[in-house]
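With the hints as extra help, turn the sequences into a complete structure.
There are 2 protein chains.
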Amino acid sequence: MNTSLKVPIPTLERLATYLRFLIDLEASHVETISSTDVERQTGINAAQFRKDLSYFGEFGKPGVGYNVAELQSRIARILEIDQLQPVIVIGAGNLGSALIGYPGLKEHKFEISAAFDSDPGKIGRVQGGLVVQDPSELRIENERIRARIAIICVPAGAAQTVANEAIAAGVRVILNFAPIILKVPDRITVRNVSFLQELAVLSYHLTTEQRK
Amino acid sequence: MNTSLKVPIPTLERLATYLRFLIDLEASHVETISSTDVERQTGINAAQFRKDLSYFGEFGKPGVGYNVAELQSRIARILEIDQLQPVIVIGAGNLGSALIGYPGLKEHKFEISAAFDSDPGKIGRVQGGLVVQDPSELRIENERIRARIAIICVPAGAAQTVANEAIAAGVRVILNFAPIILKVPDRITVRNVSFLQELAVLSYHLTTEQRK
DNA sequence: TAGATTGTTAATCGATTAACAATC
DNA sequence: TAGATTGTTAATCGATTAACAATC
Numbered sequence: 001m002n003t004s005l006k007v008p009i010p011t012l013e014r015l016a017t018y019l020r021f022l023i024d025l026e027a028s029h030v031e032t033i034s035s036t037d038v039e040r041q042t043g044i045n046a047a048q049f050r051k052d053l054s055y056f057g058e059f060g061k062p063g064v065g066y067n068v069a070e071l072q073s074r075i076a077r078i079l080e081i082d083q084l085q086p087v088i089v090i091g092a093g094n095l096g097s098a099l100i101g102y103p104g105l106k107e108h109k110f111e112i113s114a115a116f117d118s119d120p121g122k123i124g125r126v127q128g129g130l131v132v133q134d135p136s137e138l139r140i141e142n143e144r145i146r147a148r149i150a151i152i153c154v155p156a157g158a159a160q161t162v163a164n165e166a167i168a169a170g171v172r173v174i175l176n177f178a179p180i181i182l183k184v185p186d187r188i189t190v191r192n193v194s195f196l197q198e199l200a201v202l203s204y205h206l207t208t209e210q211r212k
Numbered sequence: 001m002n003t004s005l006k007v008p009i010p011t012l013e014r015l016a017t018y019l020r021f022l023i024d025l026e027a028s029h030v031e032t033i034s035s036t037d038v039e040r041q042t043g044i045n046a047a048q049f050r051k052d053l054s055y056f057g058e059f060g061k062p063g064v065g066y067n068v069a070e071l072q073s074r075i076a077r078i079l080e081i082d083q084l085q086p087v088i089v090i091g092a093g094n095l096g097s098a099l100i101g102y103p104g105l106k107e108h109k110f111e112i113s114a115a116f117d118s119d120p121g122k123i124g125r126v127q128g129g130l131v132v133q134d135p136s137e138l139r140i141e142n143e144r145i146r147a148r149i150a151i152i153c154v155p156a157g158a159a160q161t162v163a164n165e166a167i168a169a170g171v172r173v174i175l176n177f178a179p180i181i182l183k184v185p186d187r188i189t190v191r192n193v194s195f196l197q198e199l200a201v202l203s204y205h206l207t208t209e210q211r212k
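Protein chains in written order, with our numbering: chain A, 1 to 212; chain B, 1 to 212.
No wet-lab data here; the hints were simulated from the structure.
Careful, some of the hints might be misleading.
Stated by the list, open to error - Only part of the chain B face toward chain A is listed, based on derived beta-carbon distances under 10 Å:
#1 34
#2 110
#3 148
#4 192
To be verified - In silico lysine-lysine, DSSO-like type, Cα no more than 30 Å apart, as pairs:
#5 183/A to 109/B
#6 183/B to 183/A
#7 51/A to 183/B
#8 183/B to 106/A
By construction, the Cβ of each residue, glycine as well, lies at the ideal position given by its N, Cα and C atoms.
As structure tokens, this is what we get:
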């Protein structure tokens, strides 16, 4: 095994893809799979797959392949998706509501434990079984919930402020949907999701015709 | 200028970030900006910024910097975000509805021109000014709309089928929210957005504590 | 044993960044 | 002219992939 501590981000992203794929395989009662099978079915290079796994140990049997159930549960453990993880959502607009109502999260052990919004018209309302709260409650609420993950779906103008509040409340990683670059301390990890960025890249591809 | 045709994907992603940033600068009446300013305010390396732009031409004046308004409009042109682009949304559940109702899209010249869903309970209903249609209408509808961009927000099980239908209807690039790897012809570009993948990567970061 | 497939090393490829001559 | 900053080349860094000995 590759004892180095530096796991490339692309490797982590693919790990999540493998996990999804393995869950589907298990549902279709496939017991064993080889790295070549993975390549055929996902398009991810077989050597890449093996290399990705090598950061975390040995998972297969030479000449045989990988046990689907075992690999699945070991990847889940690596990604800490084997135990329920509380998450807070800040911003209960269209997107926030969609996330709160998304059943896939719970299936992957992410549980939305609280929702916040500064709109007085939303505070106190119930969404997906949660009462929407004022962001000023964030700190006190999170003493109880102890969420380390926050999802930010507020407009760009409010994002930095709520990010600061979330961090003060003990959040350590942030999934940011606001189209803005958040300034955070080094110890905090942020991942940005931007529909507009995705669409912009696709839009460029339209101009150039071909490309794989 | 770097006449090579191969623009790295990360460069395109950053281009979208620059565009957003420049729009904000323009709103604050900043007229000129240097690559060092960009680094200070976005965290993106100054050389990187200059290199990214170099794929598309010359944009600045040595000793002076870049004209914000001009750079903004030229990047918009490169990404084809200077003219209204029709988009179809397939899947009008929580996420699909959120996208249909997202004003940021129109601001960036993406116009959702049709929405489809196979749920009979949704077909015929109006959402965000659009009548939800049966996916079997996709082909005929798109003869009129001529959208080349489709956003897929159906469950995993239905995603490949609707992708095929979208492609048959003339769609050339796909933004896929379904947690599945779509099989598409080489000429089609797909970008995947996966909340679960994002959360999984963040979840891993929690296990390792530090990291930037 | 022969065939298959792993885990890992080494080679390749591509993206980031530092350095600097050219230019305003 | 002196100072600032560009665009681009070259050096560095990191990720992908091919190759293969080890192993079932």
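Going down the list of hints, with the structure as the test:
{"no.": "1", "hint": "34", "in the structure": "violated (18 Å)"}
{"no.": "2", "hint": "110", "in the structure": "holds (5 Å)"}
{"no.": "3", "hint": "148", "in the structure": "holds (6 Å)"}
{"no.": "4", "hint": "192", "in the structure": "holds (9 Å)"}
{"no.": "5", "hint": "183/A to 109/B", "in the structure": "holds (28 Å)"}
{"no.": "6", "hint": "183/B to 183/A", "in the structure": "violated (38 Å)"}
{"no.": "7", "hint": "51/A to 183/B", "in the structure": "holds (24 Å)"}
{"no.": "8", "hint": "183/B to 106/A", "in the structure": "holds (27 Å)"}
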